[in-house]
Amino acid sequence: MSLRVDTITCTRGGLTVLSGVSFSVAPGEALILRGPNGAGKTTLLRTLAGLTPPAEGRVDAAPDSIAYAGHADGLKAQLTVAENLTFWTGVFAADGIARAVEAFDLTDLLDRRAGNLSAGQKRRLSLARLLVTGRPIWCLDEPTVSLDTENVARFARAVEAHLAGGGLAVIATHIDLGLPTARSLDVTPFTRRARPASGASDDPFLSEGAL
Amino acid sequence: MSIWEYANPRKFMTTSQAVLPWVAGLAAVLVITGLIWGFFFTPDDFRMGSTVKVIYIHVPAAIMGSGTWFMMLITSLVWLIRRHHVSALAAKAAAPVGMVFTLIGLITGAIWGQPMWGTWWEWDPRLTAFLILFLFYLGYMALWEAVENPDAAADLTSVLCLVGTVFAVISRYALIFWNQGLHQGASLSMDAEQNVADVFAYPLWTCIIGFLFLFVALVLYRTRTEIRARRLRALIQRERMA
Amino acid sequence: MIELLVRDLRLAIRAGGGFGLGLAFFLIATILMPFGIGPETGMITIIAPGILWIGALLACLLSLDRIFALDWEDGSLELLATSPLPLEAVAGVKALAHWLTTGLPLVAAAPVLAVLLNLPPQGFPWLLASLAVGTPALSAIGTFGAALTVGLKRGGLLLSLLVVPLYVPTLLFGAEAARRGAEGLDAATPLVLLAGITFATAATMPFAAAAALRVNLR
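Chains as they are written, first to last, in my numbering: chain C, 1 to 211; chain E, 1001 to 1242; chain R, 2001 to 2218.
For the record, the hints were derived by calculation from the structure and aren't laboratory data.
Small disclaimer: the values here were computed from a predicted structure and weren't measured.
Hints may contain errors.
[As the list claims (entries may be wrong)] Computed footprint of chain R on chain C; a stretch qualifies when at least three of its residues, placed anywhere within it, have a C-beta under 8 angstroms from a C-beta of chain R:
1) 50-60
2) 73-79
3) 91-105
[As the list claims (entries may be wrong)] Here are some chain E residues the structure puts well away from chain C; computed CB gaps all over 10 angstroms:
4) T1042
5) W1112
6) I1208
Ideal placement from N, C-alpha and C gives every residue a C-beta, glycine not left out.
With the hints as extra help, turn the sequences into a complete structure.
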């Protein structure tokens, strides 16, 4: 189970954001995506997750092996913490929520409505969903937003446990998670801005000379 | 030389530029000839009197009103299957043309219906079907306007065009079931018994072919504009990115 | 799939879920009609099936944008799209949930409103049957419209503009069956045609809706 990305071009809203991105991540490995705001980390993660198909190149991963967590928490405010997690166990045919609840310290919150949680608590709940999915490849977009130091450490331990179990992760983040097997990938060299020459061919309305 | 080469914006622009004056000229000659011939050089109908002369606008407009949607269906399919941008833009360019043809068909129908049936509007299946087609055009154009990303807009409007076509056909038969209708049968068909007399048919055919050329000219012209607008958009975006 | 249905039903009945709003709109729209038309019982009796069908259709239309909008805003739709559930199944379940929370209550409320509109007794079974058979088609077609406009700002009005022409055949056959039933005529033919539309839309619309969702999620 590994993730291989072969010279992909990622688009967002019809515009090329990244091109020529290649990397591979082996089981037990984590890849940390770096780059300034707007460099294209989110676009890359959405492409890996299959939401935005790559305009060129290919993403090699076993089908149904990627768990995605974006900026939005994806929680239902009217449902309790337990109901939110149980819903995803049903969708992913998982055994239960116990491991996820324990990993993100949600036991005391189980009966609270998700809408009444603090931002950090919501984030923990949304990250707990990753354990419920049981999928080996995690694609995480700024997972530590709104988490305090203690919970960042808790999250890092969850990622470590995931990696130790043969999983792998691609994480866009600005903070140091202290993961021993982490590699960094700066996406800046792949951004469209950095390679103007390649931009000419991707839009048929740009390449045609004077109309 | 394959037909798909015209899907290249540049090839389309050069070819359409060469063809457009001829098509537009032919459209003008045919429409003017057909209308003058029909209005001034045909006898009045023995039942309908001079009101029959609206046929020379009504029938061609109605044919093009529904024909345009069919053309949009084909170009939408080409976009969905082969991803040719010009095809999607041609569908976008054709929609307002088809909408206006449909509207002309509806208005001339009302003008004709008033003296014939004694009412401006009748919920006759044919009339109602065109009214619904008009709504389809409105929705299609509104969806193009609402979606910012042009490729996504092309995808969504193409799916709407496909689904809308199926529902338009179902509506047509549902309306016949609903109300048998006052509208006369087809004016032109292979069944010679029901056709209009030749004196009316010749100028009518001239008008229909004239309207067809008018349609082609308008769609070519508008597609050229859409291609330029897209190019402008792409250039502006490149400037912003740089 | 069942858990998505259960979740949507649960969300609908919890506070802020909007359950009952469609029903209330149906009630208001139907009660308003006689005020606009005049109190002549004879006239109202004649047009009662049509009023009830249009009231149901508008109530349905009003609630369509909730089908995907809430899941879109909180990010659940993205997560569902990356889950093992195919988007076609998501769209189908969403349509079913919409029908259970909007269409079915309308069917249940229709007889009460039919009494207010002096619907002849022989019309009741046909009215109920036509609404029960036809409202699933309204939900299925509406799900496609909601998928087309998900994520658009001010999508609500556009959604109505797109969906109303698609509703025409369903309304024609449904109201025709109810009208013929009320007049004591044979209403079986339009009812069978209506059932045909419902089966056809239930089978095909989830695919069209999923295609539109994929484009909008890109």
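* Status of E/I1208, Cβ more than 10 angstroms from any chain C Cβ -> About 33 angstroms separates E/I1208 from the closest Cβ of chain C, which puts it past 10 angstroms; holds.
* Would you check chain R against the stretch 50-60 of chain C, counting CB to CB pairs closer than 8 angstroms, and say if three or more residues qualify? => Answer holds; 4 residues pass the 8 angstroms Cβ test.
* To do: Would you check chain R against the stretch 73-79 of chain C, counting CB to CB pairs closer than 8 angstroms, and say if three or more residues qualify?
  => holds (count 7)
* Given as covered by chain R, does the stretch 91-105 of chain C meet the bar of three residues or more with CB within less than 8 angstroms? -> holds (count 3)
* Compute the least Cβ-Cβ separation between E/W1112 and chain C, then decide whether it is above 10 angstroms. => holds (43 angstroms)
* Asked: Per the stated criterion, does the least C-beta distance between E/T1042 and chain C lie above 10 angstroms, as a non-interface residue requires?
  -> Nearest chain C Cβ is 45 angstroms from E/T1042, so the label holds.
The structure is consistent with each of the numbered hints, conforming to all of them.
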